[in-house]
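Enquirer: Next come the chains, spelled out residue by residue.
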Amino acid sequence: MDFSYSEEEKQFRATVREFVQTHVPKETAHRVSHGLRMKKADIVNWQKILFEKGWGSVSWPKAFGGCEWTPTQQYIFEEECAEANAPIQLPFGLKMVAPVLMAYGNAAQQAKFLPRILQGDDWWCQGYSEPGSGSDLASLKTKAERQGDHYVVNGQKTWTTLAQHADWIFCLVRTSAEGRQQEGISFLLIDMKTPGITVRPIIMIDEEHEVNEVWFDNVKVPVENLVGEENKGWTYAKYLLGHERTNIAQVGRSKRELKRLIRLASAQPQNGKRLIDDSRFRDRIASLEMELNALEITNLRVISSNSKPGPEASLLKIKGSEIQQLLTELQMQTLGHYALPHVPQALDLEWQSDFDADTYPEYAPSLSGFYFNFRKTSIYGGSNEIQRNIITQMMLSL
Amino acid sequence: MNFDYNEDQIALQDSINRFLAKDYTFDKRVGYSKSELGYSEEAWHTFAEIGLLALPFPTDNDGLGGTAIETMLVMNALGKGLSLEPYLSTVILSGSIITQAGSPSQKGHLIPSIGAGELKIAFAHFEPHNRYENHITSTTAKKVGDIWKINGHKSVVLHAQNAHQIILSARTSGNTDDAAGISLFIVDAHAPGITMRNYTTQDGSRASEITFHDLEVSSDHLLGQLDQGHQFIEIALDAANAALCSEAVGVMSALFDLTLEYVKTRKQFGVPIGKFQALQHRLADMMMSVEQSRSMAILAALAQDQQDAQKRSRDTSAAKAYICKAARHVGQEAIQLHGGMGVTDELSTSHYFKRLTMIGLTFGDYDYHFSKVSDALLVA
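So the protein lines, in turn, are chains A and B. If you're matching positions, the first sequence starts at 36 in the numbering used here and goes up one per residue. If you're matching positions, the second sequence starts at -13 in the numbering used here and goes up one per residue.
Simulated from the structure, these hints should not be mistaken for lab results. Careful, some of the hints might be misleading.
EDC-like cross-link-like pairs, simulated, lysine to aspartate or glutamate; straight-line CA separation at most 20 angstroms [what the hints assert, rightly or not]: (1) Lys308/A - Asp361/B; (2) Lys311/B - Asp318/A; (3) Lys358/B - Glu326/A; (4) Lys311/B - Glu326/A; (5) Lys311/B - Glu357/A; (6) Lys74/A - Asp202/A; (7) Lys358/B - Asp313/A; (8) Lys358/B - Asp312/A; (9) Lys297/B - Glu220/B; (10) Lys297/B - Glu326/A; (11) Lys294/A - Asp361/B; (12) Lys297/B - Glu331/A; (13) Lys297/B - Asp318/A.
Residues of chain B clear of chain A, computed beta-carbon distances all greater than 10 angstroms [as the list claims (entries may be wrong)]: (14) Phe12; (15) Thr45; (16) Ser91; (17) Gln151.
With beta-carbon atoms standing in for the labels, derived distance ranges [as the list claims (entries may be wrong)]: (18) Asp294/B - Lys97/A: 34 to 42 angstroms; (19) Asn184/B - Arg48/A: 49 to 57 angstroms; (20) Arg309/A - Ala102/B: 54 to 62 angstroms; (21) Ser432/A - Glu27/B: 37 to 45 angstroms; (22) Ser174/A - Arg4/B: 49 to 57 angstroms; (23) Leu384/A - Asn3/B: 54 to 62 angstroms; (24) Asp361/B - Ala374/A: 21 to 29 angstroms; (25) Asn3/B - Arg298/A: 42 to 50 angstroms; (26) Val257/B - Gly89/A: 49 to 57 angstroms.
Glycine is no exception: its CB is placed at the ideal position from the N, C-alpha and C atoms.
Hey, can you work out the whole structure from these sequences and the hints?
Expert: Spelled out as structure tokens, the structure:
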């Protein structure tokens, strides 16, 4: 047992830091650090920068152009990217559809899709949830009927994150009504430009456009876009869900946000002193800091063990989302009354503030919105209640 | 970075677990607890034989040079076995003070005796009325000629009744609440001038109120330099709290396993009660508390090798505070899910719960440690 980073890992961190600190575009870093509205270009450009460096995917096998770094190295990378205010790397292609294609896709599919994901050429979104199928995902109804060389898809997906930018969607569709509902699902790749697809925005609690409804009306999908075997899609979906675990806890991001919270609480005046001097508020930060200490080590324990991804990812999801939510709540609370103004235009980089910078600083406009927005973290990706079901079934055998 | 135990560590863990499973069953443990001694002398000898008592000490003093990781592993196992032996008092607390403060000759004769299982030492530091503040010392040592005269009252001294010697803190200069001016002495437990009021603790162990009335010792009994004792007390208490964290994790995981087993076998409404989702999610939460505590015990263990005293103390307190809270959660839920059986003396469940609860009140409770973590934010 060795709890400390090895010399190689420290050297590795220094190399990563040097690169990411100097290569995140300034405007992008400013948007991230101030919680401003991200543009599609922020995310695509960052992917291309990483690709140029050879770091397009830190987890993919080298055979597919990835770095094949160890989980600990991947964690270091995520932490350094967060610290450098880098935007996210879009997970839908890199971390969701790609591993499924590597494991179950055919050579033609791998050759067609993987390089474009790596280079940031294709924007993917995920077609899983439906209005009637949330936690009970396997009850999904979007139907794909085989007609010659095509499937004809009809139905509706929802909560489709950033589908407004997407080139492709990977979908779970029903190809059979026989047997258990899990056994009639297939995994289909659909070009978003196909006639019959309609994307409608869902405006969320923060009045922002992040997720969508995606409607399919007699959408023709070539059969070569079926991944693996027909009616085996549920297996691939489960594989996907358990696959991504190094960053499910979002420790790197939360460490950055904790530092930010401490800065905000130190900057906010209260009664001639600083907010952080108020022990009631400071205690809440301390309590959160302890939770994050524990999660950081648990995360390292999980990712440094050589066993396959398992139900411990559920623990990371639950604790990680709770911490992220609490961070947004406390950051909002630092503002006091100034949590109230809703100034959507302030989330654009170009905004010229007409507030007194001393009373309503430029970091303020995003904080309440983030609090509302982050209620999603305990709901998406399998709600925290579903995660507890997974723990009780898979780990506790109840 | 690697969180797996190496071969030697696994072998050590196996030998402790084997012993505890075979010769330290719950029934036997109850017997030891009710005996005059309050623990098992046989177990203590086995601890010496398998190297536990020499484990953390430098090899120069016949120690095994074990790290904080080995101590973590031992305390974890002792927690699972609900060990009553004075390991914390003798090896961790007194051992830390002697290693840090002792002269070469003191180390040379004390440490090998501890390692061989021949010498038990209690650590008498806390006093009435001051709860967990570790710098307040009103026990005095006054020099009269070549002799120190010690007077005062030490409270809830763990495992004092069977100790051969006692390490005590006394004020040799300054005011009661000064960190400077505290000195450490090691004295014979049966010396004239020492009175002990012994009692059993809630968790079946032993402790004592000790009064010193004109206890006379020479300067040879000083451990470390005059007036400079407080830093060593802090190091020892941090080490003890780190050890308690690991012990608590051992207790919690045993308690969790018992509870999981119980809900799978206990039937009501025709099914095992573990089939009810209202209970399942609570078990999932308990599991998470245990695993997060395991991580915090690692943080505390790591902190003991930390040169920066502030960081050591902050991380130790963060771990202890976290584990106090988690121990309360896991302990109370374990009792609740056992139903009426949980509040009987018959099952080990209640004994684990009592130990867990007392750990949360030993050398600093949640409030004490949490306020240290919170105040550390002002320094950062």
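Enquirer: It remains to establish, for every hint, whether it holds in the given structure.
Expert: Hints versus structure:
With a CA separation close to 15 angstroms, the supplied pair Lys308/A and Asp361/B stays within the 20 angstroms bound. The hinted pair formed by Lys311/B and Asp318/A meets the criterion: a straight-line CA distance of about 14 angstroms does not exceed 20 angstroms. With a C-alpha separation of about 15 angstroms, the suggested pairing of Lys358/B with Glu326/A holds against the 20 angstroms cut-off. With a CA separation close to 11 angstroms, the supplied pair Lys311/B and Glu326/A stays within the 20 angstroms bound.
For the suggested pair Lys311/B and Glu357/A, the alpha carbons sit about 17 angstroms apart, so the restraint of at most 20 angstroms is met. For the hint linking Lys74/A to Asp202/A, the alpha-carbon distance of about 16 angstroms falls within 20 angstroms, and the restraint holds. With a C-alpha separation of about 15 angstroms, the suggested pair Lys358/B and Asp313/A falls inside the 20 angstroms cut-off, and the hint holds. At most 20 angstroms may separate the alpha-carbon atoms for a hinted pair to count; Lys358/B and Asp312/A meet this at roughly 14 angstroms.
At roughly 13 angstroms between alpha-carbon atoms, Lys297/B and Glu220/B fall within 20 angstroms of each other, so this suggested pair holds. A C-alpha spacing of about 17 angstroms is found between Lys297/B and Glu326/A, which places the hinted pair at or below 20 angstroms, so the restraint holds. Between Lys294/A and Asp361/B the CA atoms are separated by roughly 16 angstroms; this keeps the pair inside 20 angstroms, and the hint holds. In summary, the hint linking Lys297/B to Glu331/A is supported, as the alpha carbons are separated by about 17 angstroms, within the 20 angstroms threshold.
Taken as a hint, the Lys297/B and Asp318/A pair is honoured in the structure, with Cα atoms around 18 angstroms apart against an allowance of 20 angstroms. Chain A leaves Phe12/B outside its interface by the beta-carbon criterion, the shortest separation being 23 angstroms against a cut-off of 10 angstroms. For Thr45/B, the requirement that its beta carbon stay farther than 10 angstroms from each beta carbon of chain A is met, with the minimum near 20 angstroms. Every beta carbon of chain A lies more than 10 angstroms from that of Ser91/B, the smallest distance being close to 35 angstroms; the non-interface claim holds.
No beta-carbon of chain A is positioned within 10 angstroms of the beta-carbon of Gln151/B; the least distance is around 34 angstroms. A beta carbon spacing of about 40 angstroms between Asp294/B and Lys97/A agrees with the range 34 to 42 angstroms that was offered as a hint. Evaluation of the 49 to 57 angstroms hint for Asn184/B and Arg48/A yields a pass: the beta carbon distance comes to about 54 angstroms. The hinted range of 54 to 62 angstroms is satisfied by Arg309/A and Ala102/B, whose Cβ atoms lie roughly 56 angstroms apart.
Taking the beta carbon of each, Ser432/A and Glu27/B are about 41 angstroms apart, inside 37 to 45 angstroms as hinted. Distance hint check: the CB atoms of Ser174/A and Arg4/B are about 50 angstroms apart, consistent with the given range 49 to 57 angstroms. Look at Leu384/A against Asn3/B: about 60 angstroms separates their beta carbons, and that is inside 54 to 62 angstroms. Our hint of 21 to 29 angstroms for Asp361/B and Ala374/A holds, since their Cβ atoms are close to 26 angstroms apart.
At about 47 angstroms, the CB distance of Asn3/B to Arg298/A agrees with the hint of 42 to 50 angstroms. The supplied range of 49 to 57 angstroms is met by Val257/B and Gly89/A, whose beta-carbon atoms lie about 56 angstroms from each other.
Checked against the numbered hints above, the structure violates none of them.
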